[in-house]
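One line per chain: the protein sequences are A and B, in this order.
Here the first sequence is numbered in the working numbering, starting from 1 and rising by one per residue.
Here the second sequence is numbered in the working numbering, starting from 1 and rising by one per residue.
Source of the hints: derived by calculation from the structure; they are not laboratory data.
Certain hints may be false.
Claimed, not checked - Computed, partial: chain B to chain A, Cβ under 10 Å:
#	residue
1	Glu-151
2	Arg-185
3	Leu-189
4	Asn-190
5	Asn-209
Stated by the list, open to error - Have a look at the derived ranges for each label pair, beta carbon to beta carbon:
#	chain 1	residue 1	chain 2	residue 2	range
6	A	Phe-194	B	Arg-188	17 to 27 Å
7	B	Glu-195	A	Ala-60	40 to 50 Å
8	A	Ile-318	B	Phe-51	23 to 33 Å
9	B	Gly-45	A	Met-93	24 to 34 Å
10	B	Gly-45	A	Glu-19	32 to 42 Å
11	B	Leu-68	A	Arg-262	27 to 37 Å
12	A	Met-218	B	Asn-97	32 to 42 Å
Idealized CB from N, CA, C, for every residue including glycine.
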Amino acid sequence: MKQEAFEARYKDDWQQFEEWIAIMTAGRRAVANSGEQDNIAKGFPAAYRQVCHHLALARARRYSVGLQQRLNRLALDGHQYLYRARTPIFSSMLRFVAFGFPQAFRKQWRFMLASALLFCVPIAGMSVAVALDPDLIYSLISPGQVASMEEMYDPANDVLGRERESDTDALMFGFYIANNIGIGFRTYAGGLVFGIGSMFFLSFNGLYFGAVATHLTMAGFSSTFWPFVSGHSAFELTAIVIFGGAGLMLGMAAVAPGRKSRWHAIRDRAMESMPLVYGGTAMLVAAAFVEAFWSSTTWPPINLKIVVGISLWLITIIYFSLMGRRES
Amino acid sequence: MLLDTTYNIDTPEGVELRLPVAGIGSRALAWLIDAFIKFIALIFGSIVLAFLGNLGQGLTLIGIFLILWFYNVLFEVFAHGATPGKKVIGLRVMNANGTPVGWSGSLIRNLLRFVDTLPGCYLFGCVAVMLSRNFQRLGDLAAGTVVVYAERDTGRASLAGVEPSPVKVPLTLDEQQAVVSFGERAPRLNRDRAEELADLMSPVFGDVNAEELRSHAAWLAGGEVSR
């Protein structure tokens, strides 16, 4: 069949198909309003197969490049609609919180454990080191920063934590979100470089935290420092460990891909790690909320703050160990 | 076609979809446009929010965070794989199997962007693009995504109005395809370029100009010779 006859014969079909694609591209509401909904539902797959068939014919018969391009585009558009994977992220959120997240955490317990160790061992080591030689903190943090930190937690202050009025709560919430989640994302992404980035961020944050905590405790600021950090510590520290562990998953796939090609292994691992990234992000948002609107308040007695802190740790532990044991 | 930058997708229908993958140049341009848009949005947003005092500053910080990490994700998921910058340049992101990119895929490729920017100026990303077959940066490789040119209609000119003239020499299928493709493209070329291209056919047709070649194209495509 000559090209012109071919085109003349199927022109209307292609145009119809193009219109359907345009309607679907405009969105679900457009489909409902167009009155074509039933036609699309019934006719689209067949129309798509026909376009594919015509594309194959056009290639085999060496029809012009322009016609082939047009059919290629039509087929691709159809392909995108027929084979798209729906990821209903919002409607499945509850399920994710109840099942998916804790299950993913337990499934990857080796990486979580490794990440926790990479984080906690530096904390412990730095704490002991600073306790033995207080000047060691200056090898990690500049004297200026140490001084400003001491100022923040000085019990002589009226306000806890970063020195501020309570109407800056919203400002600090924004700051914690931007800063902490950014750190979390980088800790995760760094894992791609054979896990080195994740290890670095975990260990560095561990050293930093250990140094600061021990330094302030020894300086006699425990009555302000610990009540301040206790509230958000459960969510924040766990989330950093989760991001680090997810990053280590990428690194492990890069170092030891097993029987897959390296990038294949990384792709699979990355998909597997996504629940941890989603969950970790949610935890850091929660932590930022607690840090901005609870940790900095001065009215609650210290004991109450410590109790709340411990309760949140218990909740975190129970959540990850018991939630989602029975998949409904 | 060994040097072609076409990316092929195998479909269950047994037909191959062909897509031109985008290289560093066009992607960098799209990135620049996006960076400009983000910059303007941040300036404008922070000016407006500055009137809200501390609350406004908090919102600004959240806005910076969202723009920094989620600008690309939101556009790629909701705007058919293209950020405004990509849209202007004519690029789009899709999964390697030709389906639209989803939340997880888009998040992976954009979170890992951090590694692509290391150690500065997207050096890792550029090296990865140059070394990988389909011009994928590290984030693309980990997410299994490709950046391709969203095929635009090249605007074929119909051969309907052209007086067909029969071809007297036998042509292979490939030659026929070349002639018809030329015929459809010729009106979009300038005159000299059209003649130059037509000249390439002289080993087959002898001395032929663009006008005559178009007539042959019309005949090959199926036009009836009027008597």
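### Given hint Asn-190 of chain B near chain A, where the shortest CB pair must fall under 10 Å
Status violated, d = 18 Å.
### Task
May I ask you to test the interface hint for Leu-189 of chain B with respect to chain A, counting a Cβ-Cβ separation under 10 Å as satisfied?
Result: violated, 13 Å to nearest chain A Cβ.
### Message
Given a hint of 32 to 42 Å, does the C-beta separation of Gly-45 of chain B and Glu-19 of chain A actually sit inside it?
### Response
For Gly-45 of chain B and Glu-19 of chain A the Cβ distance comes to about 39 Å; the hint holds.
### Task
Look at the Cβ atoms of Glu-195 of chain B and Ala-60 of chain A and judge whether their distance stays inside 40 to 50 Å.
Violated - the Cβ-Cβ distance for Glu-195 of chain B and Ala-60 of chain A, about 31 Å, lies outside 40 to 50 Å.
### Query
Taking the CB of Ile-318 of chain A and the CB of Phe-51 of chain B, does the distance hold inside 23 to 33 Å?
violated, 44 Å
### Task
Look at the Cβ atoms of Phe-194 of chain A and Arg-188 of chain B and judge whether their distance stays inside 17 to 27 Å.
violated, 50 Å
### Message
Taking the Cβ atom of Leu-68 of chain B and the Cβ atom of Arg-262 of chain A, is their distance within the range 27 to 37 Å?
### Response
holds, 29 Å
### Given hint Glu-151 of chain B near chain A, where the shortest CB pair must fall under 10 Å
holds, 5 Å
### Query
Any CB of chain A closer than 10 Å to the CB of Arg-185 of chain B?
holds, 7 Å
#### Entry: Pairwise beta carbon distance, Gly-45 of chain B to Met-93 of chain A, judged against the given window 24 to 34 Å
holds, 27 Å
### Query
Can Asn-209 of chain B be said to touch chain A, with a Cβ gap under 10 Å?
This hint is violated: Asn-209 of chain B lies away from chain A, its Cβ roughly 20 Å from the closest one there, beyond 10 Å.
### Task
May I ask you to test the hint 32 to 42 Å on the CB atoms belonging to Met-218 of chain A and Asn-97 of chain B?
For Met-218 of chain A and Asn-97 of chain B the Cβ distance comes to about 58 Å; the hint is violated.
Of the numbered hints given earlier, the model fails hints 3, 4, 5, 6, 7, 8, 12; all others are met.
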